[in-house]
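Sequences listed follow chains A and B, in order. Here the first sequence is numbered in this note's numbering, starting from 1 and rising by one per residue. Here the second sequence is numbered in this note's numbering, starting from 1001 and rising by one per residue.
The reader is advised that the hints may include incorrect statements.
Mimicking DSS-like on lysine-lysine, the simulated pairs with C-alpha atoms at most 25 Å apart in a straight line are [said to hold, decoys possible]:
(1) B:1036 to B:1059
(2) A:338 to B:1015
(3) B:1015 to B:1065
(4) B:1036 to A:338
(5) A:338 to B:1023
(6) B:1029 to B:1065
(7) B:1065 to A:338
(8) B:1015 to B:1036
(9) A:66 to A:435
(10) B:1015 to B:1059
(11) B:1036 to B:1023
(12) B:1015 to B:1029
Here are the simulated distance ranges between beta carbons [as the list claims (entries may be wrong)]:
(13) B:1042 to A:266: 32 to 38 Å
(14) A:128 to B:1039: 41 to 47 Å
(15) B:1039 to A:22: 39 to 45 Å
(16) B:1010 to A:385: 20 to 26 Å
(17) A:372 to B:1042: 42 to 48 Å
(18) B:1031 to A:265: 24 to 30 Å
(19) A:204 to B:1042: 56 to 62 Å
Computed far set for chain B versus chain A, every beta-carbon distance over 12 Å [said to hold, decoys possible]:
(20) 1030
(21) 1036
(22) 1058
(23) 1077
(24) 1078
(25) 1079
(26) 1082
Read the hints as simulated data drawn from the structure, not as lab findings. These figures come from a predicted structure and were not determined experimentally. Glycine is no exception: its CB is placed at the ideal position from the N, C-alpha and C atoms.
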Amino acid sequence: MQGRSIVTDAMSMILQLLQAGLGNLAAYLAAHVLLCLVPAFFIAGAMTALIPKQTVTRFLGRGTPKFLSYPAAALAGSVLAVCSCTIVPLFAGIHRKGAGIGPAVTFLFFAPAANILALVYTGTIIGPDLAVARLVLSLAFGIGIGLIMALLFHSDDAAHDHATDVIFAAQAERGLSGTALAFILFWVALLLAGTLKLGFLTGAWVEARLPMGGAAELQALLDRLVPYDAARGEEGVSVQGAMLVLLLLAVGYTSWLGFERIQEGWNAWTGAALALTAATLLVAALQVEAGTSGLAIGFTGKFFAVFAILMALAGIAWSRIGEEELRDWLWESWRFVKQIFPLLVAGVFIVGILRVIIRPEWVEAIAGVNTVLANLVGVGFGVFMYFPTLVEVPVAKMFLDLGMHRGPLLAYLMADPELSLQSILILAAIIGRLKTAAYVLLVALFSTLAGLAYGAWVDGSSLWQIGAAGALGLGVLSTALWLANGRLAHRHA
Amino acid sequence: MLTVKILGPGCANCKRLEEVARKAAADAKIDAEFVKVADYNDILAYNILSTPGLVINEKLVSSGKIPSPAAVAQWMTAARDGA
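Isolated chain A, as found in the complex:
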């Protein structure tokens, strides 16, 4: 009898875990993904396909002064490098043939942090404050680390092979066209309309009732299938959410048929996939409540805004953008979806399971308060755990719900995409072990500092105190570097 009860216990345990994973997945798909991630994927695709690289890279040549090359490197990171296919060659190019190690490092550091997908996702799931903190601190530290690396290794840079910087000197054959820019901006508008929580967007302007018997029963059924505990930060699935998950599956299926062979031309499935995507976005913008008398549907300001912007986008795409560019755009967007989405789905599922296993007391004990140790733990976890793009966000959200302080959380969020075993290996192949070690140490140091500073701000310290502490730290660091540099220069002379 004893044995059987252990078996049934294990079975019910596994069932409970599976249910937690699936529940988390369904809740994420229904609630968060659509109005933020779908436009973000299309924006990322448009940036890759429609912005000519030369518009930015011509500021990355050897002859460009520092005050131009560092911001240009950061800009290049934010607009050109959504995919690692672009990051590594561009990094190697800037380092070897262009502006040198400093701007190359700035580019490398800022690219993952300014990635539009990651920013949008962080903003929606964890909070805009953390997204903004991540962006601003990454920009400041990216340029800072770049300058320090340039100073540390300036003799190497000077002895650089005198490769021509012909790839960077090339003028743009055509600049960023106004049409492409308008297209990208409209997508950004769509993203904002879908995610901003402003009264006139979220409130319903027109209400309609859809008599549907059993709506309330359906909701009760969904709540039984995906049980949730709001106190633990868990979310359930609404009737609308279930509809959206179904629509998403349809979009996925038609996209596969419509976008996979897009180079060979547009087909009927392509049109179907785009139409279904638009329909999904519109349904996601509605306010749906299941009651005993049927579905109450509220047409929100968001709905009208999304509709108007989708019309404008269709107009621009139809009349102003060439067929080849449209193909490139759809392909790049689809490629991002294919590359990132399956891993994200798997990641969210696993996070749902882990959430049941990890005890909040553990997290609170280690990283519940903003201390140096807590921030170091955050950074260490980020370095040693390698999560695919975007999966770090649900992981962070889980830790937040389990009681992690926002300071160490930021430290983790900054270190995780910057440093992974994979990126460290590639880096070592291109710039050598010594420089890689210096870079890794600097990133770890600065991420810890970022977490501490942000945590202090959350805890109520004034910006002045944090600024003063930061300035003091930077002063000590630069003095040390300056002294080290003087000795190095002396030895070389």
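Following the hints, put chain B in place on chain A, whose structure we already have.
For chain B alone, kept in the frame of chain A given last:
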């Protein structure tokens, strides 16, 4: 006989480019040898900023995107007739 090089570390776009190029060569009945270049030093020698890159008879014809099979066939024909 053309030499077609696919520049790229093996990401999704590089694989797709190779498919497109092989298809273009087959459709246009052009005899070509395909070479994959995955080493960054070799890739950078062609002065490109983003992969995938397509090189036909040592001339870079496209980089950072996947051209349509028709365009690739055109470059291949031009390279064969020019040679």
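Checklist entry - Of the hints given before, which are not true for this structure? => result Violated: none.
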